[in-house]
Amino acid sequence: MSARDDVFANIRRSLGVTGKEATRRGIVAARLQEPSRGPIPARGQGSPAAKMATFITEAQRVSATVVVLEHAAAVPAEVARYLRESNLPLQVRIGADVRLTQLDWHGAGMTTLDGASAGADLSAVSHAFAGVAETGSLIVLSGPDNPVTLNFLPDNHIIVLSAADLFGDLESVWAKLRRDLGKGVMPRTVNIITGPSRSADIEQTLLLGAHGPRRLHILITLD
Amino acid sequence: MSLHPTTPEFKQNAHVALHDAELQKALGHVQGGFIYKRQSAVDRLPEFEVLRDSARDLKDHVLAHLDLYLEMYEARVRASGGHIHFARNANEANKIIVDICKAHDAKTVTKGKSMVSEEIGLNDAIEAAGMKAVETDLGEYIIQLRHETPSHIIAPAVHLTKEQVEREFRREHTHLPKDRDLSQPVQLLTEARGVLREKFLAADVGITGANFLIAETGTSIIVTNEGNGDLTQSLPKVHVVIASIEKIVPTLEDASLLMRVLARSATGQDMSVYTTLSTGPRRAEDPDGPAHYHVVLVDNGRSSMLGGEFEDMLRCIRCGACMNHCPVYHAVGGHAYGWVYPGPMGAVLTPSLIGVDKGGHLPNASTFCGRCESVCPVKIPLPKLMRHWREREFERHLTPAVQRFGLGVWAYFARRPALYRPLTSLAMKALSLLAGEKGRFAKLPLASGWTQYRDLPAPSGQTFQSQWRARQKERSR
Ligand code: SF4
Chain A
0 MSARDDVFAN IRRSLGVTGK EATRRGIVAA RLQEPSRGPI PARGQGSPAA KMATFITEAQ
60 RVSATVVVLE HAAAVPAEVA RYLRESNLPL QVRIGADVRL TQLDWHGAGM TTLDGASAGA
120 DLSAVSHAFA GVAETGSLIV LSGPDNPVTL NFLPDNHIIV LSAADLFGDL ESVWAKLRRD
180 LGKGVMPRTV NIITGPSRSA DIEQTLLLGA HGPRRLHILI TLD
Chain B
0 MSLHPTTPEF KQNAHVALHD AELQKALGHV QGGFIYKRQS AVDRLPEFEV LRDSARDLKD
60 HVLAHLDLYL EMYEARVRAS GGHIHFARNA NEANKIIVDI CKAHDAKTVT KGKSMVSEEI
120 GLNDAIEAAG MKAVETDLGE YIIQLRHETP SHIIAPAVHL TKEQVEREFR REHTHLPKDR
180 DLSQPVQLLT EARGVLREKF LAADVGITGA NFLIAETGTS IIVTNEGNGD LTQSLPKVHV
240 VIASIEKIVP TLEDASLLMR VLARSATGQD MSVYTTLSTG PRRAEDPDGP AHYHVVLVDN
300 GRSSMLGGEF EDMLRCIRCG ACMNHCPVYH AVGGHAYGWV YPGPMGAVLT PSLIGVDKGG
360 HLPNASTFCG RCESVCPVKI PLPKLMRHWR EREFERHLTP AVQRFGLGVW AYFARRPALY
420 RPLTSLAMKA LSLLAGEKGR FAKLPLASGW TQYRDLPAPS GQTFQSQWRA RQKERSR
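So the protein lines, in turn, are chains A and B. If you count by numbering that gives the first Met the number 0, then the first sequence holds residues 0 to 222, one letter each, in order. If you count by numbering that gives the first Met the number 0, then the second sequence holds residues 0 to 476, one letter each, in order.
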């Protein structure tokens, strides 16, 4: 017997089942068809304004910085301000996301590089697919629009989130994912990012900036 | 190295550990850190207890339908362009992974943190095949330099002081200036970041574990704080996931439920920094990501635990809370347990996986204070399961060996009160931390554990022996 068949046979022997039982198959098919939500913490729920306030509090709690902008058009200027204040060169890497490429970076004194990062970039800008108020998390989908390497290689990661894409909980994000991409369809990676990278592996001392970005700056756009 | 357990020498190991001054200093960080942080996170989430019940029920549901969810998961991995392999045991898993690495002419392999890879001794297998395996989680990297196994399932280097880490870095990173300052943790972290960055970029294959596998989508999930797992799986041309069969959950929603209890129980975070869902290889239009995606599913004894008295152990999501709250772990650290899984979860799992002859008396390493069960996010009845093992061990050796094994750790400490006292006071210190400044024990979920624990200064084999005898009587009725 192949290893695969052996493992399945052993599982079924231990459980005392054949794998052909209609009831068991029915239960599993139903659960996959209609996902069941566990208890959803109240923390992330409420009006859009309450969600926004919770998101900001939670993101700051995990050492991200957050700025709210009336218009997406103000993103390049805010990025330039942030980089200047940090004594960083006014250059960022971005993917092909039109919400980012259509902005006037040049007018804000910035230069942009496009495509995946090979590790030499100091700063990158991504656009989030969604945000989660409950934990101050951002969801970024891999692909040409927002290459996955931008999330991890640069020292400074700036993520733009449209206020309309802010949800209370992860479960609502999965509903949007199924709506937008189709049921069961996933990009290569879905990154849920909650603050900048950190490690407490040496004497349990929490330090920011392990292997991923040392800093995470979040721009929420209202329009 | 992980394939050669020193578990049978637990008593000797514990003795050495109690006399190791540097270890004792390092272990002090377990209590202050983890216990307090978890409690704060739990206090901030009123729904936590309800979530624990749901998490337990979800895992039970999965275990009862494991064959069917695995079939669905397998089909979805294939549909998304990934490859899936099954391994009955450690040797098979190692061979599959080494063959994948060879097929891609790998020279360097980077690794994210994975307990099952420790269980099967994967690094040794990769090195034996002439390739270099590089651990990239900071704690794992440090212990790899020291040729050690992890002493904790989520904080592998928790048994070391920063001075010890500094010594290792000076010995290993000889290309860096000799007079550099490494006296602070941040300097050690920065140095490791620099050294490992080059390894990430040079690696041919990246291996990660998986906290969860999703049947609905064929997705594997890793949870990290450092971002090392993501660099490991995004930069090389091949991503290999190694996971044990019980990691499966039905849907994205189910994974979300477990995430809510995992990080809080582990590090006291609401969410770890990076939770990454990976499905298949990079898509045709993707500018980055691995071109090949393999999943290796390892059984290694788990299918035989289903349906039996240790099935509950398969609910474990490897958060480490049970060891963080264990007075025996606080006193002796993880290495004394002799294999890869320490603390209460290790005491139950180890005999299941390596056999009762080698691991069967680990369950003696317990004071039965009940704190592990009271913090376990999936409510595994760890003390009960340890008792089951003890009974089995007794039944195997109803001879003078009973004296030898049965009195176990209790008797060992009882005969050496000088060693026992620091253990007790350490545990008491941890408890007072838990209680906070106002000392509100009564309101703590752990209050019952504490009350039991107060009896501890009189450790004797009596307690267990009498319980055991009473049970035997019950049975013979
Ligand atoms: S047994 Fe429970 S507390 Fe211990 S590691 Fe597993 S899930 Fe966590």
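Be aware that a few hints might be false.
Pair ranges (Cβ atoms, derived) [said to hold, decoys possible]:
1. G307/B <-> G25/A: 25 to 35 Å
2. L175/B <-> L112/A: 29 to 39 Å
3. L175/B <-> A28/A: 56 to 66 Å
4. E46/B <-> R12/A: 30 to 40 Å
5. V49/B <-> T64/A: 25 to 35 Å
6. E308/B <-> V184/A: 36 to 46 Å
7. A52/A <-> R391/B: 54 to 64 Å
8. T22/A <-> Y35/B: 39 to 49 Å
9. H172/B <-> S46/A: 46 to 56 Å
Hints are computed from structural coordinates only; laboratory data are not their basis. C-beta: ideal position from N, C-alpha, C; glycine also.
Evaluated hints:
Look at G307/B against G25/A: about 26 Å separates their beta carbons, and that is inside 25 to 35 Å. At about 30 Å, the beta-carbon gap between L175/B and L112/A stays in the expected band of 29 to 39 Å. A hinted range of 56 to 66 Å holds for the C-beta pair L175/B and A28/A, which are about 58 Å apart. One distance hint, 30 to 40 Å for the beta-carbon pair E46/B and R12/A, holds here, with the actual separation near 38 Å.
At about 33 Å, the CB distance of V49/B to T64/A agrees with the hint of 25 to 35 Å. For E308/B paired with V184/A, a C-beta distance near 41 Å keeps the hint of 36 to 46 Å intact. In this structure the supplied range 54 to 64 Å holds for A52/A paired with R391/B, their Cβ-Cβ distance being about 55 Å. Hint check: T22/A to Y35/B, Cβ distance near 47 Å, so the stated range 39 to 49 Å holds.
Between H172/B and S46/A the beta carbons are some 53 Å apart, a value that agrees with the proposed interval 46 to 56 Å.
In this structure, none of the earlier numbered hints is contradicted; all agree with it.
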